[in-house]
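There are 2 protein chains.
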Amino acid sequence: MQLDQERMAEGILYTDQYQLTMAQLYYRLGWQEKLVQFDHFYRQNPDYGEHQAGYCINAGLGSLLDWMARARFREEDIAYLRSERGSQGTQLFADDFLEWLRQNGDFRGINLQAIPEGRVVHPNVPLTVVQGPMVMAQILETSLLNHLNYQILIATKASRIHESGRGRLLLEFGLRRAQGMGANAGARAALIGGADYTSNVGISAVLGFPPKGTHAHSMVQIFMALGMSELDAFQAYADVYPDDCLLLVDTVDTLASGVPNAIRVFEKLRRKGHKPMGVRLDSGDLAYLAIQTAKMLNDAGFSETSIVLSSDLDELVIWQIITQVQEEAPRYGLDPEAVVSRLVYGVGTRLITSWGQPALGGVYKLVAVRDNGQWQPAIKISDTPAKTPSPGHKRVWRLYDVRGKATADLLSLEDEDPREMDEVLLRHPTDQTKFRTLHRSEISAVEELLVPVLVEGKLVYDRPTIAEAREWRKADLARLDPGVRRLLNPHIYHVSLTQRLWEMKHALIAAARGDA
Amino acid sequence: MQLDQERMAEGILYTDQYQLTMAQLYYRLGWQEKLVQFDHFYRQNPDYGEHQAGYCINAGLGSLLDWMARARFREEDIAYLRSERGSQGTQLFADDFLEWLRQNGDFRGINLQAIPEGRVVHPNVPLTVVQGPMVMAQILETSLLNHLNYQILIATKASRIHESGRGRLLLEFGLRRAQGMGANAGARAALIGGADYTSNVGISAVLGFPPKGTHAHSMVQIFMALGMSELDAFQAYADVYPDDCLLLVDTVDTLASGVPNAIRVFEKLRRKGHKPMGVRLDSGDLAYLAIQTAKMLNDAGFSETSIVLSSDLDELVIWQIITQVQEEAPRYGLDPEAVVSRLVYGVGTRLITSWGQPALGGVYKLVAVRDNGQWQPAIKISDTPAKTPSPGHKRVWRLYDVRGKATADLLSLEDEDPREMDEVLLRHPTDQTKFRTLHRSEISAVEELLVPVLVEGKLVYDRPTIAEAREWRKADLARLDPGVRRLLNPHIYHVSLTQRLWEMKHALIAAARGDA
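Just so you know, the protein sequences line up as chains G and X, in that order.
Position 190 (the first sequence) corresponds to 190 in my numbering; numbering is contiguous.
Position 495 (the second sequence) corresponds to 495 in my numbering; numbering is contiguous.
Each statement offered as a hint is correct.
Repeated chains share a single entry, so a pair holds when one copy, or any two copies, can fit it.
Restricting the straight-line Cα-Cα distance to at most 16 Å, the calculated cross-link-like pairs of lysine to aspartate or glutamate (EDC-like) are:
| no. | residue 1 | residue 2 |
| --- | --- | --- |
| 1 | Lys405 | Glu442 |
| 2 | Lys458 | Asp66 |
| 3 | Lys387 | Asp282 |
| 4 | Lys295 | Asp335 |
| 5 | Lys268 | Asp243 |
| 6 | Lys387 | Asp253 |
Don't read these hints as lab results, they were simulated from the structure.
Extracted from the complex, chain G is given alone in its bound form:
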């Protein structure tokens, strides 16, 4: 694509055709300014097949806001829509509608509330709430879901990998295997969710993190093709980067060639007063090789250099590596914790694509329509009760127990406030036999999760930096039950409705069933 084509493909037309055909219908009925509310939420935590997430990390809002601030129907976009033809060759979008879009086709009328990036979030909780004129609130759907679904997915995966690596340095390496230009959004989300740095230079530049990386196998190969050796390649690298020398040791043979050559180079660096950074292992039995490498480095007096591991890592592989190191390191006379604490993880494909579940099924559902000055809750009944969203305006609360751990997220009507209740009845959203009651004495804190972000399209929100979003994540994870954080078969976190919201929802379902 040429630049002007890219602008078109990434601007307001970054949407589905049906948003525009519906928009014209609403315009034709005179409903274009009628206010509606859509809730964005997801229904299930990612399930990777052998393992499942017990929570998600919210992400993507900043990218969406940037898009919304720029996207509008430009003359070029209008000209394209004017050229669209129906099956009989007539103009699909009429001139009066296109003129309305030209004048009103931006997001200045939108109110948006959201849960901040970096926060731990749960299924069926509104993460983003959009109120606005029907036409533009509808057109927003596709891009909103595209921006938020993927970043939540990747922030969540990064958090799991970071947890399985026990918080040791995590590097995002996935650019070459990412799904096209999604790589940049993926790296951003990974940085929120658990990656410390990324190899992606451009997104590092934009977000203000130093990009990470040293050299590839091809460097060693080039030296060898020119009649030189792996040692020559390492030495040349060390000469140029004496204070940033991290060597990839598996091009020829990790233990017979790579590590001994690296140690020779490191010894020279040490004599000159430099501190070598470490080695990277990219193939083979990484746990075994990490132990042997640690031993060789220790014996040469380099007990503090890092050992970077890469090669199709994910949370389960890292868990297995750590377990294996803990079991085997003592047999070689090593302190396993000392080995584990010098490991660094470079994670590519399986992080940037969320291997096992490469999409989050986030949805954007109509929950209310304003008519004659009154908001009407809207409901979509479904054969699967769990798929029926909670209608109308709601507030979202997180309740903490006396240990300071989050015990439930609670959806309430707009005029309810659990902080004013002596006891809070938590209803299961669909199963009427399931509920529990929390007395005020059992609740250490109540927090409202949705914050105002846009009012009439204007930003009323102090946008957090990536570093601030990370702090949210860390604080929320610390307040999350360890059972919910488990990699396999996590506890199900409670997302509940107040009694009044429950009654309203089920009265609407009954009425809709009766109507239908």
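For this one, chain G is given, so just place chain X on it according to the hints.
Then chain X, alone, in the frame of chain G:
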């Protein structure tokens, strides 16, 4: 990101940090203009878990060429690199290197050969061959792999889905579930690989295809929230789009409400001389519902309207739906082929993310270095013989048998031409006991697959349109053995080496093993 940040994140810095640290090393050694050759290929067809691809569809070259034509080290990029710091706080990239990049940091020196987009391709065959000065050929790696890996993956998935749907209309609907802005590349690849249209408006505009889509559940819900009915919603839609009326019939109840209401609206359209397009089913047992819907439409005299199916479709689900229709339709007095032939498939998440295998492991491997006026083949030995790429300059041929079916892809040395051989010995790349001989009489045609694309950075290639790439795909699939096209357990297509290439490769491996 702001626009200028997007430019930075999607330009020449859309690469891995290690490409730049290696580049500086090569510059420091005076090797920046030394010529190297990298081959891009993938090692295994996608394996989706329960099912596997027997071939891939090549895609992405056009997008890569657009990127290469624009990407270069601009002042802003240089300024960023100048700001990068090593561990001791010193400038990581020296001014002389940065000045060299500012003057030479583009792809004007690159020669590139490739197999055209849309063609059927196989593992371990060079799909893209890059020759050029060491620094820029190395920096190109990350973006090349990012552009090509994802589009090959999606074109392949689209081809499988198109085949399982027996060539019926296939619509790409995945924008909301795609991995960020990768959506646009994914839609492009889907259009090459088998999708007829996409719902994505922007990419449709750029590529010149009409975007497809009509309305969502939310439209029916809005009418109902305002005290009206599904029928009112359908009628309003038909009034605005009388010649393009396709109605989503599962918001309330598909067979009890949606289809009867659609038929009422269609009857009115018919009386006014319009031809309704059809209905869309988005939930439930799609095979059963398609049969019942077909019967109701037939009984009302609408035997030609389409029935669009959507909801987590992929090649296996479509296969199952068609099988079930074939078995069950006769019980309801319907001709199963008439039902199958009116089906249209809207495929979202599982196409745009290549669910089951969301990344292709394409690689970019050094195979030769030019030194003292001579090309030196380069080899990376590996514990897994199948992972050792064939070294040096090569040509790629496709041999067709007397039926006109492709029987093998053959890699040869640069001075070999199977068209001049009386018989062709096909060696298995790694297993020395496996080979076969084809006599000239058994070969109906020999085709060279790689074509020149860039010579010294200049386009020498008549870039195919998406429509032309589709024609390649159709022609190649028609010449592919049905066993290789199977959805499950496909035959393994032969990719072979000539005797001389085999000998050269194994001599180099032996020499490298001896050296190591």
